[in-house]
Amino acid sequence: MRIVVSIKQVPETTEVKIDQAANRVDTEGLTRIINPYDTYALEEAIRIKEASGATVAVITCGPEKADESLREALAMGADEAFLLSDPAFDGSDPVATAYIVARGIEKCGPYDLVIAGRQAMDGSSGQVGPSLAEELGVPTVSFVRKIEELKDDYIRVQRMTDDGYDVLEGPLPMLITVVKEINEPRLPSLKGLMKAKRVTIPVWSAVDIGVDPARVGPAGSPTKLSKVAPPPPRAGGEMLEGTPEEQVRKLVARLKAAKVL
Amino acid sequence: MIPKAEAKNIWVLAEQRKGKLVNVSLEAVGLARNLAGSSSQEVWAVLLGKDVAGLAESLIQAGADVVLLAEDDRLAGFRDDPYVDYLTHLVGVYKPAAFIIGANSTGKSLAPRLATRLGTGLASDCVELSWDQADGLVATRPMYGGNVMATVLCPEARPQLASLRPKSAPRPVPDPSRKGRIEKADLSGVNVRDRVRLLEQVDTAGDQVKLEEADIIVSGGRGVGGPEKFSVIKGLADACKGAMGASRAAVDAGWVPYTHQVGQTGKTVSPKVYVACGISGAIQHLAGMKSSDIIVAINKNPDAPIFKVATLGIVGDLFEIVPMLTEAVKKEMG
Ligand SMILES: Cc1cc2nc3c(=O)[nH]c(=O)nc-3n(C[C@H](O)[C@H](O)[C@H](O)COP(=O)(O)OP(=O)(O)OC[C@H]3O[C@@H](n4cnc5c(N)ncnc54)[C@H](O)[C@@H]3O)c2cc1C
Ligand SMILES: Nc1ncnc2c1ncn2[C@@H]1O[C@H](COP(=O)(O)O)[C@@H](O)[C@H]1O
Chain A
6 MRIVVSIKQV PETTEVKIDQ AANRVDTEGL TRIINPYDTY ALEEAIRIKE ASGATVAVIT
66 CGPEKADESL REALAMGADE AFLLSDPAFD GSDPVATAYI VARGIEKCGP YDLVIAGRQA
126 MDGSSGQVGP SLAEELGVPT VSFVRKIEEL KDDYIRVQRM TDDGYDVLEG PLPMLITVVK
186 EINEPRLPSL KGLMKAKRVT IPVWSAVDIG VDPARVGPAG SPTKLSKVAP PPPRAGGEML
246 EGTPEEQVRK LVARLKAAKV L
Chain B
196 MIPKAEAKNI WVLAEQRKGK LVNVSLEAVG LARNLAGSSS QEVWAVLLGK DVAGLAESLI
256 QAGADVVLLA EDDRLAGFRD DPYVDYLTHL VGVYKPAAFI IGANSTGKSL APRLATRLGT
316 GLASDCVELS WDQADGLVAT RPMYGGNVMA TVLCPEARPQ LASLRPKSAP RPVPDPSRKG
376 RIEKADLSGV NVRDRVRLLE QVDTAGDQVK LEEADIIVSG GRGVGGPEKF SVIKGLADAC
436 KGAMGASRAA VDAGWVPYTH QVGQTGKTVS PKVYVACGIS GAIQHLAGMK SSDIIVAINK
496 NPDAPIFKVA TLGIVGDLFE IVPMLTEAVK KEMG
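First to last, the sequence lines map onto chains A and B. If you count by our numbering, then the first sequence holds residues 6 to 266, one letter each, in order. If you count by our numbering, then the second sequence holds residues 196 to 529, one letter each, in order.
Hints in this document: simulated from the structure, not taken from any laboratory. Errors might be hidden in some of the hints.
To be verified - Keeping only pairs whose Cα atoms sit at most 25 Å apart, straight-line, the calculated PhoX-like set for lysine-lysine is: (1) A:Lys255 with B:Lys436; (2) B:Lys290 with B:Lys199; (3) B:Lys424 with B:Lys379; (4) B:Lys405 with A:Lys264; (5) A:Lys264 with B:Lys503; (6) B:Lys467 with B:Lys436; (7) B:Lys526 with A:Lys255; (8) B:Lys429 with A:Lys264; (9) B:Lys405 with B:Lys495; (10) A:Lys255 with B:Lys215; (11) B:Lys215 with B:Lys503.
In isolation and in its complexed conformation, chain B is listed as follows:
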C-alpha cells in the first residue's frame, strides 16, 4: 500500500501478445484519458514485454501522457510471477493513484495477485469507471450474472485497482498530433521469482476474430440442430467480419467447442451487435451477452424469452432468415 497523499496519476497496463497491443489495453488508455480529464493527473501506460518499445507511439496516440517502458526477457510471455514482481516494484517507485488492467485472461489472473501483494483493493471485471474528486476511482461491476450492478469504492488504499471488461469503453481514435514521453523503467536489482515456465502458446483461434474482441457476434443455439448446420451461423459471422458464439446447449451437444460458449459458465461479451439465432434466452445465456449494444434475436417461437431483451426481433426460421441476411450483408460490405 502506498500513502494516499503521495499517490497520483492513472496507470493502465499496456498488454501485448506476440508484439501486438491487445484491444482492451487501448480501450483502457482511452478511458483513463477521459477520467484524467483536465485534472492534473497524467495517464501512464505501463508497457511490459521484450522488445516492445515500438508500441509506445500508438499508446501516446491513444491518450497516454507517459509510456513507462519495462523490458525484460522474462516478460516475453505472460506468467504471473515476473509480471507481479515487476509491477509491484514499479508501483512502489512511481506511486500511481489508480491502475486499470484489462479483464481478460491475463488481467484476471494478475490483478488479484497484485492487489494482495500491494495490500490494496481491486474492483474486477468493471463495465464502467468514473472519477470523483473525493473518492478517486468509482467502479461499476456486475454481480449475480449481471442481475445486480454494484458500485465499488476503495476509499483509503492506493493504488485503486480495477480490471476493465473488454469492449466496455470505446477504442480511442488515434491522434497523431498527441505528444507524450517515454520513461524507461530501471528494472535492475528487482528480485524476481520466476517459478512457472511457459512451454508453448497454442493459438487455436488462428486468424478468426476473437469473441471478446469482435464488434459483431453471431451465436447459434440448440435451434441450429447439428454440427454441420453451424456453417450457416459461421457464414453470417464471416460476412460481418465478426466472431461465432454459441449457447451452452450447442456446446454440450458437441456441435461447437467450448471456447465459443457465451454465458454464465462461458465468456462474457459486449459487442456492438449480438445476433442470437435459435437461442431461447435462458438467464444463464443472457448473463454473458446482455450488455451488448444491439441484440438481434432470430427465433421461431414468438414467446422465446430472448425477445424480452432483444433490440430487434425476428420471428422466423433461422434457416430461412440467416442465409438471406448473409447475402444482404455481403452486398452491404461490398
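Chain A with its partners taken away, still in its complex shape:
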C-alpha cells in the first residue's frame, strides 16, 4: 500500500498583519509550521504504515522554504517527500492549487490512498482536498473521524456529519480528508529530524509536472481576492455590575430587550 499525504505549510499564528495599502496579508517573518490539520493526516498515514507496512509519501505545493515542513514530516515517519515549487504557482486559488497538487501526486507514482487535512489554517477554505480528489478522478469521503477497516482495495470509514456520523465504504484508490478526532499526532523525533536533514527532496516545477500554465497562478485561477480587511470591530462591550442577583436580572432584561428570550 502506498499512501500520499498532501500538506501545506502555514504561518504559526492567525494573528496576521494586513497591509492595507498593498491589499494583502503580511505574513513576513512569521514562523511557519505544518498546517495543524495536516498533522492528523500524517499521523494517520504513519499509523497505517506501522500497523500493516505501507509506504508514506508527503507532498506540498509552496515556496522553497516549505521544504522544512516536508523534512518535519519525514522525521515523523514519512518515507518520501516531494516539493512542488515554481514562481508560476504563486497566487493560485484552491481550484488551481488542487490541479497542481494532483499533477504532482500523479508524477510521484501510483497510490492507494490520499489523505488531506480538513482545511488550512491560513486560507481556511477547506477546498483543496475534495477538489484534489476530483482532479485525480478518485472517490472522496470528507471529514473522516475514524478508519474502521482498510484492505488492499477497500476502505470503510466514519465521516463526521452535523448530526453524528455516517459509515461509508468504497474502493481504493480514494481520497479522505480527516478531522482532529481521528488521532493524536506525534511530534517529530530529534533523531528523525537529524536524519531528514540529509534526505534529498525532489523539487518540481510547472514544466516538470506538465501543468498547463494557463491554469495556474492568479491568471489561471477562477477566483480573485479583490480585497482583504480586518473584521468589523465589535460594538463596545458592557460590564454588568452589582450583586450576582442584580447582574443576572440585568442580563435577562438585556436579552429580553434584544428579543432573544
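The hints should help you fit chain B with the ligands onto chain A, whose structure is shown.
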C-alpha cells in the same frame, strides 16, 4: 464552465436530511431572494433526494421562484459521487449564473468537487454575499481564523459558486401567498459513478439542538472544572432551548465530546447569543464564535480576554451565576 453571456438565475442547493430541509438551505433561499431583488434573475432551489417533492412548497414560501426537483434512489443519503454527477448535469442543462450551497458537512465536501468538475471558482464558508451588476456574486469570507475578511470575486467563470456559513443569513419568514413553479429534472441517461456506499447514518446528537443550528449556545471551558459539573452548562442550554458548546480545554480533558468543541479546530458557530462560561477567550476559541450576534461572558477573572469581545460581561463565579440565570430563563420562557 458555461458561457458567461448565457448564464442566468441564482441557484440554491436545497439539502434535506432524512426528509427534512436543513436550515442553512432555507437561509440561503432567503438570501438569494434578496440578491435577486427586483432584477430579472429568478431564484431556483435545487431539491435533491428520494421522495422529496413534498418539500417544494416550503422552498417557494421561503422565496424560490422555481423548485428544480431531482429525485433518484441514489440521492437518498449524501455521497459525493451521485450528487456531483447529477448537479453537473443540471448546471449544464439550465446554466445558472450563481449557485449557493450551505457550508455544512455536505456542502463543504460537495462544493469544491463541483467547482473543479465545472472548471469554475468557489468562495467557501462565506459570511456575507451581495450582488453587483458588473461582477455578479461578491463574496465575503473569513480567513486566518476570522482575523482577516476577504472579498472574493469570480469574474469570468460561471456559475459562480459560494458556500454559505450556517446562521449568516436570517431564516426567511414563510409567505404562504408566494407562487412558484416546480420543474421536474430529467435525469435519464445521466452517467452516474456511484463508488461509495452509505452503510449507516448514526445520529449521536439525537433530539438535542445542533450546535450549528442553535439560536443560543451555552459553552463551558476549563473553568467548569469537571465532567459532572457540565450539567450546570447543559441546564442553561436546555432552559434556553439552545445547544451546549465547549472550549478545547474542556474537550481535551475528556469532559465533553469533541462534537461540542467550538473554535479553530472545532466548529464555527454564529448564533444569536453565545454564552461563554469559564472560558478565557483564547484566539483559537474566538475564531469559532466571534461572529455571534451577542456574546455573553461569565468569568471570575476581570482581565480574561473574553471580555474584550463580549457584548455583555459578568465578572463572577459561574457556579453562582449560571444556576440563577437558568432559573430566571425558565421563568421567562414560561
Ligand atoms: C492549533 C491550536 C488550535 C486550537 N483550537 C482550539 C479550538 O478549536 N477551540 C478552543 O476552545 N481552543 C482551541 N485551542 C486552545 C486555546 O488556545 C486555549 O488553550 C483554550 O481555548 C482554553 O480553554 P479555556 O478558555 O476553557 O481554558 P482556560 O484558558 O484555562 O480558561 C479558563 C477560564 O475559566 C475561568 N474560571 C475558572 N473558574 C471559574 C469559575 N468558577 N467561574 C467563572 N470563571 C471561571 C478562568 O478565569 C479562566 O479565564 C487551540 C490551540 C491551538 C494551539
Ligand atoms: N499548497 C498545498 N499543497 C499541498 N496540499 C495542500 C495545499 N494547500 C492545501 N492542501 C491540502 O488541502 C487541505 C485543505 O486546504 P485548504 O483548501 O487550503 O483549506 C489541507 O489540509 C492540505 O491537506
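Now for the hints, and whether the structure bears them out:
1. A:Lys255 with B:Lys436: Holds, at roughly 20 Å.
2. B:Lys290 with B:Lys199: 9 Å, holds
3. B:Lys424 with B:Lys379: 53 Å, violated
4. B:Lys405 with A:Lys264: 21 Å, holds
5. A:Lys264 with B:Lys503: Distance of about 23 Å is within 25 Å: holds.
6. B:Lys467 with B:Lys436: Since the Cα atoms of Lys467 (chain B) and Lys436 (chain B) sit roughly 13 Å apart, the hinted pair holds (cutoff 25 Å).
7. B:Lys526 with A:Lys255: 15 Å, holds
8. B:Lys429 with A:Lys264: This hinted pair holds, its Cα atoms lying about 22 Å apart.
9. B:Lys405 with B:Lys495: 28 Å, violated
10. A:Lys255 with B:Lys215: Cα-Cα ~38 Å, so violated.
11. B:Lys215 with B:Lys503: With Cα atoms ~39 Å apart, Lys215 (chain B) and Lys503 (chain B) exceed 25 Å; violated.
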